[in-house]
Each structure stands twice: as C-alpha cells, then as structure tokens.
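J.: Sequence:
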Amino acid sequence: MMKNITRKSIVFFLFISCITHAQENKLLKVIEKYQVLPFGSIKPLGWIRSQMQNDLDGFLGNLEVFAPDLINDPIYSTGRLHKKSKSPDSDNSKSTDAAAEEQYTWWNSETQSNWWDGYIRNVILLNDKKGLEKARKYIDKVIENQDADGYIGIYDRNQRYNFETENGELWAKTTIFRGLLAFYDYSKDDKILNSVTKAIDNVMVNYPINNSSPFTSGNEFNGGVAHGLTFTDVLDKMYEITSDKKYTDYALFLYNDFSKSYQSEKDGQLQNILEPSYMLQSHGVHTFEQLRPLIVAAFAQKNPELQKAIDVYVTKIEKVTTISGGAIGDEWITSRTADATQTGYEYCSLQELMDSYSVLFQKEGNVKTLEAIENIFFNAAQGSRNPEHSCIASLKTDNSYEMLGSKNGQTQPGRLQTRYKYSPVHKDVAVCCVPNAGRITPYFLQKSWLKENQNTLVAALLCPNVLETTINNFPVIIDENTNYPFENKFNFKISNPKNANFILKIRKPIWAKAIVCNKNYCMDNGFIVFEEKLNDNENIELEFTADIIIKQDANDEKYFTYGALVFAKPIVSNEIKVKSFKKVYDNWLYEPKNRDQFGFVQGNKAKYQDQTIELLLKNLKNNQLENQKLIPIGKTILRQTSFK
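Residue numbering for the sequence shown follows my numbering, starting at 40 and increasing by one per position.
These are computed hints drawn from the structure, not numbers from a lab.
Treat the hints loosely; a few may be bogus.
[Claimed, not checked] Restricting the straight-line Cα-Cα distance to at most 30 Å, the calculated cross-link-like pairs of lysine-lysine (DSSO-like) are:
hint	residue 1	residue 2
1	Lys168	Lys402
2	Lys532	Lys572
3	Lys237	Lys123
4	Lys683	Lys644
5	Lys122	Lys341
6	Lys341	Lys284
7	Lys668	Lys657
[Stated by the list, open to error] Ranges of calculated distance between the beta carbons of each label pair, as one might list FRET restraints:
hint	residue 1	residue 2	range
8	Glu570	Asp283	28 to 38 Å
9	Lys668	Lys285	27 to 37 Å
10	Val69	Lys537	51 to 61 Å
11	Ser89	Arg375	31 to 41 Å
12	Ser126	Gln381	27 to 37 Å
13	Lys341	Glu314	37 to 47 Å
We put the CB at the ideal spot given by N, CA and C, even for glycine.
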C-alpha cells in the first residue's frame, strides 16, 4: 500500500513539475539576437556629420526660435492640463485634421519632447559643448519639476491617470523619457536614471499590471491614447539598462490591454493583425510605431501567436510601402496600397517605421530588415529633405511633380492641403515632422553597430562613422571611412591598443554582386566575418560591386536603383520663397518649368557613371525617345522616380 502511495506521489509530483516547467518556459523572455551599444558609442563622420551639423545650425537648432510658444510651453510644470484646459492658440489649421479637440491639448508635449530628444542626441553625437550644457540644464529642470511621488507628466493631480476619453498621459511620458534616457546612456548620471525609474514606478502604481486598463478611453477618437502604446520604447530601454524583467512584463501587459480595448487607431491590435482580410487603415504614424510594442511584447515571453503576428504585420506594412521606402503617411491609410504618385509619406511615418525596423533587427536578426532600414533613410528620408535649404517636406511622394502645397496639384473636397511644401517648421499644419527629422539620423546611427555575445562587433547599417567601445574592458575604436551610399568603398581602421580579442562582422548588402577585400574572410548569414585577430592600426579595405537594377512595384511601374540608392529624373523648377506669417523663417514652394512625363523603354541602354544613370526614356507627350539622366532621389526636389 505504501509503495502504491509513493508511486502515485511521484507521478503527481512529476506531473506538477511538468506543468510548472511549461509555465516557466512560457514566461521566459525570448533571447534577443544583438545587444544595443550605449548611445554615443557611434558618432558620425563624413557627409552624415556635415548634414547633422547643418541641421543643428538650421531647422533643428532654431525650432525654439521659430516656434517658441510650442517649445517653451510649461506643459510639464506650471502649465499642466486640468479639466478646463483648452487647446493652445496657434496658427495650426486644425480643420485639416481629426475632429477631436482633446488631442490638441497634449500636442505641445509631443512637439517639444520629440524636439528635445532629437536635439539631445544630435549634440551628443556632434560633441557640441554649448548644446550639451543646454541639454543638461533642460534635464535638470525636468527633474526639478518632478512631483514627490515620482510623477512626470502633463496633467494636474485631479486629472492624471483618471480618464474616460482621449488623453496624452502615456504619450507625453514616452516622448520626454526617451530623451532623458539617451542623455543617461551617454553621461551615466544616476540622478537621471533614478528620476526616470521613479517616474515609471509611479505609472506602474497607478496603472497596476494586469489589474487596470490604461487604454480604455471610450468609443471615440483616441489617437493620443494609442500613441501612448509606445511607452514600451521606454520600458524596452529600461530592460536594456537594468535587465529587470518587470519592464518587459509591463510592456506585454500594455500591448494586451491595447489589443482588447476600443481604439480608433487599431491596425496594431493583435486580432486585426492576424485577420487575413484586414487591410491597414489607421493613421500611418500610429500603424508603423505600433510595430515596436508588438515586437517588445513578443520578446517579453515565448508566445508563438505574437511571433507570428510580427511577420504578418511586416508583410502588411510592405504592401503600403513604395520602392523608395516611403510607407503611406498622408494621414490615414484607408485600405490603400502604395503608389508612386498617389500616396504620400510623412516624415513622422519615416522615422517611426525606420525605428520599428531597427528594433526588429536588433531582436530578431533578419538581414532583410537592414535593407528596409537603409532604404528608408537613404532614399525616402533623404528625398524628403530640401538639398538647398535647411527644411523638410511634411509630405512627399516618390513622383513629385510639384510642391505647391497639394499632392501633385490634386484638390481634396473640403480640405485645404498645404503639407506638400518645404518648411523648417510646418506650423500651419502641425509641428511634428520637423522634430522627427531631427531624430531620424541619431536613431539610424544608434543601430549602425551592434554587439553579438561578448566579443563580436557587427557593422549592421553601413555609413561613415566611428565606433568607440570595449571588449572585455579593453578599448576598441573602429573608424568606418566611406562615402556610402554614394560610393561602395570602405576603409575600416582598427584601433586596438590592448590587443582585445574580437570578431568583426560587416553586412554584405543584398544588391552586392561581389566583394573585393584585402583580408581573408568567411560568410555567415549575409555577413562578412573576420575571425583572424585584428591588431592595432590594422585596416580592412572593402568594396562592393554593383549593377543597375530595375525594380517593379505593385502597379507595374519601374524604378532604377544602383547600390543602396533609388534614382530619379530631376524636374527643373521655379523656386518660390514664402515668408511665414510672422516673417521669422522661410517656406519654399516649387513649380515645374516643364510638366513632361516619361515612360519606360525596354532597350533603355542604362549606364551608371559618377552617381548618375544615363538612359533612354520615352517622352509621353510626343512619344519620342530621349536621352535622360537620373540622380539619387535624395538630391532631388521635383522628380519622376517611377516609369510606366
């Protein structure tokens, strides 16, 4: 009898152990492929550094002069919002946006905090002493205004964490904490980390995990609430800094709550992602930023459904993305697919999608994702900048036949469209794109190098930069000297004074025909691997050979690429300077001198030389073949990029 009881006890114990082990397995965090290096480890060189300096001297460094009422609004301190707060007065044409008055009350928090995030990161990477001092004073003031219970935010005591409708509680925190954590990463000032930690604890106390619903806010427009899902950016960074799983667990809780609550911006909800017939329809920026919370949630614990959702969501996003990397961002996607002429992309959407892809690669490690990141940054994003003036387009199309406010001259009933122009502010619509234009380059650089295990450095995104890091506490500096993507030659100069043992991996772009290198290497999943010991003052000379590639979009229109760059036919234009209403800065409009459009020719005799593609195209006005030149899309203002 005793043996039988013992046998039953053992079986029961094993059964419980199996269940417990299975539950623990499910709760285990998924191992991330690469580690992010501290912000400031990778600094720009060459053309990227020059462009960043021009931005700091231009639109980025002067936004507080151009829009002082937005940047200096004391919304996080003495001007916190209360129940009787009204949206701030400005020259925004609010009639062009969603009819939800509540969203305008928190707008200034997004504008100023995203601007500070970009400003802080730029002055760190440029080692701008004056800017660093300014950033330090700003951060000290934020900490000074923190409440005793840890609260950092934009609402008074009677309103915070107590909403039934649209609000910007988590969104305002996300935008301000991202900048603070970047400066902590650079400075290692514990005062900053302690402040942010206390502020996040305040959120967790007021929105307790699995026992609250931060995303429940009624059944009407709640775009600010949906933006707040990106609070997972902050939680992901805190896990990176502390290795404390409570942050990723909380991120998973937020994503689950978001998915089961009513959302007007709902593309990223799990049930919609997994529904095969569901087409993307929400506000573009929301759609693309919502990929990041899904990724963080999927890596918070093993869940096959969430892992599957990542692949499904990326496939859906690809269908709304042009060949240049421009995903539909002319506000709402509305079940459309990408079109070179008919769908515009917003600078905000470029930054958010690029950032989402960079998080995806860091955690998952699929080299295909790196191609998408470079495509956005080198083509759509560069092609939305003005190459002659320090300003950007709020909205841009691959085929940009005019920039006079509307989309290629089209009119929209009941809506005055003014976003298709160049401005250092865009205050007549919303000051959201300019701050994000200041963020995009530092975010690109941050993931250009990653670390694998303890002794492998990975050059993931190619560009001119210098990496300063340590391997087993030994200093290593790598200068990546190149004019990429305009040229495909590289010189990696190694500084390794303490003879650290490390492996170097450099990504081979998918378009590269061949590799020319002065060192022995092997290949591993799309990476060139140097396993031999790299000594001090050693140089790796590398070149990728390329050919002109003709790509075809979903509408059967042809694009020409060479290397990482998309090429376009520039359209000669008349430049029109338009003063802002307060005459503080200039806006720029462009009217074409000639409206001829061109068609694709099979025997086009395309030839690449000196950053130019010479070829035959058909003039659609007279059906005559003409010799034409294409240049990188990033060097154009008006252009034709696709050819039927």
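J.: Among the hints numbered above, which are violated by the structure, and what are their numbers in rising order?
T.: 1, 5, 9, 10 and 13
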